[in-house]
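Novice: Here is what each chain is made of, one letter per residue.
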Amino acid sequence: MALPLILIIALLVLYPAVYSIHMAMLNKSMEHFVGLDNFAFLFTRETFWMVVKQSVVFALTAVAFKALIGFCVAHFVHNVPVKGQRKWRGMLLVPWVIPPAMSTLAWLWLFDPSYSAFNWSLEQIGIPGVNWLGSPNWARFAVILVNVWVGAPFFMIMYLAALKSVPEQLYEAADIDGANWWQKLWYVTLPMMRNIIAITALFSLIVTFANFDIVRVLTSGGPVDQTHMFATWAFKVGIEGSDLPLGAAVSLFMFPILAFAATFILRDITRRGNEA
Amino acid sequence: MAVARSSMKGDRRRAMIWSYVFLCIFVVFFLTPPIYMLITSLKTNAEISAAVSPWWIFSPTLDNYVELLTSPTYLTFFRNSALVSILVVSITMAVSIPAAFALSRMKFWGSATLATGVFLTYLIPETLLFIPLFQTFVWVTEFTGIELINRWWVLVVLYPTLTVPFATWIMIGYFSSIPKELDEAALIDGASYLQILTKIFIPVALPGIIAATIFAFTVSWAQFLYPLAFTTSTDQLVLPVGIITTLIKGDVFTWGQIMTGALLGAAPPLVIYAFLMDYYIAGLTAGATKG
Amino acid sequence: MAKVTLKKLVKNYDDTPAVRGIDLEITDKEFVVLVGPSGCGKSTTLRMIAGLEDITGGEVLIGDEVVNDMPPKDRNIAMVFQNYALYPHMSVHENMSFGLRLKKVAKDEIARRVENAARILDITELLDRKPKQLSGGQRQRVAMGRAIVRDPKVFLFDEPLSNLDAKLRVQMRIEIKKVHLKVRTTTVYVTHDQVEAMTLADRVVVMNAGRIEQVGTPAELYHAPVTKFVAGFIGSPAMNFAPCTLEEAAGGLRVRLSGELAFQVPEDRVARYRPYIGRPRLIFGLRPEHLADQHQTAAANHCALEVAVEVTEPMGMETLLYFLLGSAELCARVNPIMNAAAGGRAKLVADLNHMHLIDDESGRVL
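If you're matching them up, the sequences are chains R, S and F in order.
So the number in the working numbering is just where the residue sits in the first sequence, counting from 1, plus 621.
So the number in the working numbering is just where the residue sits in the second sequence, counting from 1, plus 1446.
So the number in the working numbering is just where the residue sits in the third sequence, counting from 1, plus 12.
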């Protein structure tokens, strides 16, 4: 009964993953085996190091903000009477529901160099407009902002579920012991939620690090490759540049970080499974 | 004593008021882009290029909607997306449900490792796999003459890799929470394993099935990378790629149409979400809370 | 014929033995209760009869057929689980008829059987409800209804009352007994509660650590336990045990407990006990109900003693007195009129006609 599942995973996930390693060691026309030359070549390219830096900074910053916003908003929803929570939750999850490619288009329009609605609003109060997607640092900010916008609701939902599972009696005991809201947060809420916080963050780290849609639609990696991530650059180099082996090599650099995060997640899940 | 009591209630009230304040702020943040999509979609091109407030509609029009809904290209995109999504959902559930049943009930050798392995494959992103897959498909096309590149149904083969692992994970969680005694009662009542799956497990775990179905549909509908890499001709594109590549004609962006196209493209998941929000959320949290 | 026979039944989980050789013959229409502490193997034995566990050794026969390799559905049995195991998505009617529908029994036959079972269990108004709309007691009745409808050769009950609160348990006990009187099917019932065992069973099987300690009617087990385990297991509060020695005395034998206290052994037992004089590790057993207050008229083989009361538990219709005798803490059930207070002294009378002498080394009652 599990055979189709195993087949799918073997053929379409494991096999390509292994094949990509092989591919990365071929030359551009894929006729000769060139060993680690592609990797060596990448190390010499300045763009490559920029991509590495951008990917790491992007992933860490975005996940940190998503976690923070998700955590705070979850608390706000939790503090509201239960009957109303459903509609707040409903509204707040919308960014996650809309296909990222579509919503990024909306952001693209909001950031448009000539017609940006944000710039128009800023100018109304006397602040000059910003070249959101044209200047490197604002472009990076924009990409992170959109990613946070899309992903924070997910964190909110997970954290809200975890918040609700903390027994009310713990808070009551803390009240009797004389704790203020900060102490309750630090000594009751956070420890009880530790597992969920870790797993969600690691999960998101993996997904954010490998992000494609948002960068591609918003900036296509520009300006001048300043917002490229591994995924978008691999696409550009491999498919648009018709150098599949090089593209594969780029993609593979994601692997160490993903494996690192994955081992932590696995450890956490099995530990939780054993505790339960 | 009275002071302490009222300060607790006061604390609660203040927390609630501040929460409402911040919630409003965040709702504005989260809902601005879709609302702006809606606003723009109802404007004429003239109004968009004029230097008037982008946040207000001065002369609303449904022209954009009419144009898109009668455009054969756009409708082709919609059709392709719908076909792909429905097929992928069917395949996903057909694979995940038996697999989850096997993994959660039949303790065969390696079932625990397989279950964890299933979860891990979900963590291998498509951005790692798309290049070797592309190459493999090109190779197969050359060898066998079956057109694997630039055909929308190729996506039906690819998408399950994204949906099946997590859907299986969700179903395993739901199936595991069904008490074993139910199986035993059914065995004594004379049910075969297949009957236990179809007459007992599926009905009892129906919320999980709905959640997994919604998840599979949403992921399929929103897919961008695979179609971008694997399909190029206009009549083979699915919605997300179609809108972005064809509505942006050169340097002229017809934003009214683009926003309408994007909004209509986002509509199916939003509609499902509006009606089945609880199942949607259950699907998300199932992975974590049910372990 | 719906008798059940177990021959040298053995069950091992990997290398751990759970059931170490059970021989039992249950006659048709009999209500047999397997009772014992957790882990004694009673549930495992039941599940082997049901076919839910593989049999490591020995045989299970239902009627005259060996059913070791038969799947549960072919054994013509029905089971009531501790957690009821009702299908949550089906109505009560559908729950009860599920097995019959799988067998493709005719619709009017199904309807007849379900109505009949519902009438016996008084759940006819509940037929269209779903399990989550029912109380614990109602659910248990539906689970029994599901069993009755199958018209099996044997009913198997796996601790069905453990999930109910105390009051409900007493009610349901009576229900089960009434059902058995109406539907006279062979029943094997597992419980850890010896009160259930005593009240429901035609015969009780006391199990411990994978073996049968004793099989007998409730009365036999109460009055004539064969091992120390059975003696201490049956009866609540449990039988009093105190270490003692056996010695010769004028005109017979004497049992000496902790120093000054000694009883004359009743004459009809002298011959039986004589071989054990001087045996170390003897235990004197007497049930609390056989220690009464002094208002009893003195009769043959009754012996007086005065004790220091530690704790009293007034139960309403009687009072439990706990007192120390040497190192043993003993219990007496006395009339509440007797004004015994913690810390005070009380005068009791022991009815030695009901005494037991136990050899602690072998665990056997002498």
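Be aware that one or more of the hints could be misleading.
What the hints assert, rightly or not - Quick look at which bits of chain F chain S covers, simulated, 3 or more residues with Cβ under 8 Å: (1) 81-92; (2) 111-117.
To be verified - Straight-line C-alpha distance at most 25 Å; calculated DSS-like pairs for lysine-lysine: (3) LYS179(F) / LYS1626(S); (4) LYS1626(S) / LYS189(F); (5) LYS1645(S) / LYS19(F); (6) LYS165(F) / LYS144(F); (7) LYS144(F) / LYS1626(S); (8) LYS41(F) / LYS20(F); (9) LYS1455(S) / LYS785(R); (10) LYS704(R) / LYS1645(S); (11) LYS1626(S) / LYS359(F); (12) LYS41(F) / LYS785(R); (13) LYS142(F) / LYS41(F); (14) LYS1645(S) / LYS85(F); (15) LYS20(F) / LYS704(R); (16) LYS85(F) / LYS115(F); (17) LYS115(F) / LYS142(F); (18) LYS805(R) / LYS1626(S); (19) LYS1645(S) / LYS119(F); (20) LYS190(F) / LYS165(F); (21) LYS119(F) / LYS19(F).
Honestly, the hints are just simulated from the structure, not real lab data.
Even for Gly, the Cβ is constructed at its ideal location relative to N, Cα and C.
Novice: If a hint holds in the structure, say so; if it doesn't, say that too.
Specialist: We went through each hint and held it up to the structure:
Only residues whose beta carbon comes within less than 8 Å of a beta carbon in chain S count, and the region 81-92 of chain F has 6; three or more means the coverage holds. Counting residues of the region 111-117 of chain F whose CB lies closer than 8 Å to any CB of chain S gives 3, so the stated coverage by that chain holds, three being the minimum. Taking the CA atoms of LYS179(F) and LYS1626(S), the gap is about 28 Å. The hint is violated against a cut of 25 Å. Pair hint LYS1626(S) plus LYS189(F) does not hold up; C-alpha atoms about 28 Å apart against a cutoff of 25 Å.
At most 25 Å may separate the alpha-carbon atoms for a hinted pair to count; LYS1645(S) and LYS19(F) exceed this at roughly 37 Å. Pair hint LYS165(F) plus LYS144(F) does not hold up; C-alpha atoms about 30 Å apart against a cutoff of 25 Å. Distance hint between LYS144(F) and LYS1626(S) is fulfilled; the C-alpha atoms sit about 18 Å from each other, no more than 25 Å. Between LYS41(F) and LYS20(F) the CA atoms are separated by roughly 23 Å; this keeps the pair inside 25 Å, and the hint holds.
Among the hinted pairs, LYS1455(S) with LYS785(R) is consistent with the structure: their alpha-carbon atoms are about 20 Å apart, no more than 25 Å. For a cut-off of 25 Å, the pair hint linking LYS704(R) to LYS1645(S) is broken: about 35 Å separates their Cα positions. Taking the CA atoms of LYS1626(S) and LYS359(F), the gap is about 56 Å. The hint is violated against a cut of 25 Å. Straight-line distance between C-alpha atoms of LYS41(F) and LYS785(R) comes to about 53 Å, which puts the hinted pair past the 25 Å bound.
Distance check on the hinted pair: LYS142(F) and LYS41(F) sit about 32 Å apart at the alpha-carbon level, beyond 25 Å; violated. Simply put, LYS1645(S) and LYS85(F) have alpha-carbon atoms about 16 Å apart, close enough for the 25 Å limit, and the pair holds. Restraint check for LYS20(F) and LYS704(R): not satisfied, since their Cα atoms lie roughly 62 Å apart, outside the 25 Å limit. With a C-alpha separation of about 10 Å, the suggested pair LYS85(F) and LYS115(F) falls inside the 25 Å cut-off, and the hint holds.
The hinted pair formed by LYS115(F) and LYS142(F) meets the criterion: a straight-line CA distance of about 23 Å does not exceed 25 Å. For the hint pairing LYS805(R) with LYS1626(S), the CA-to-CA distance comes to about 39 Å; that exceeds 25 Å, so the pair is violated. Under the criterion of a C-alpha separation no larger than 25 Å, the hint pairing LYS1645(S) with LYS119(F) is consistent with the structure, at around 19 Å. For the hint linking LYS190(F) to LYS165(F), the alpha-carbon distance of about 18 Å falls within 25 Å, and the restraint holds.
The suggested pairing of LYS119(F) with LYS19(F) is violated, with an alpha-carbon distance near 40 Å, which exceeds 25 Å.
Comparing the model with each earlier hint shows violations of hints 3, 4, 5, 6, 10, 11, 12, 13, 15, 18 and 21; every other hint is respected.
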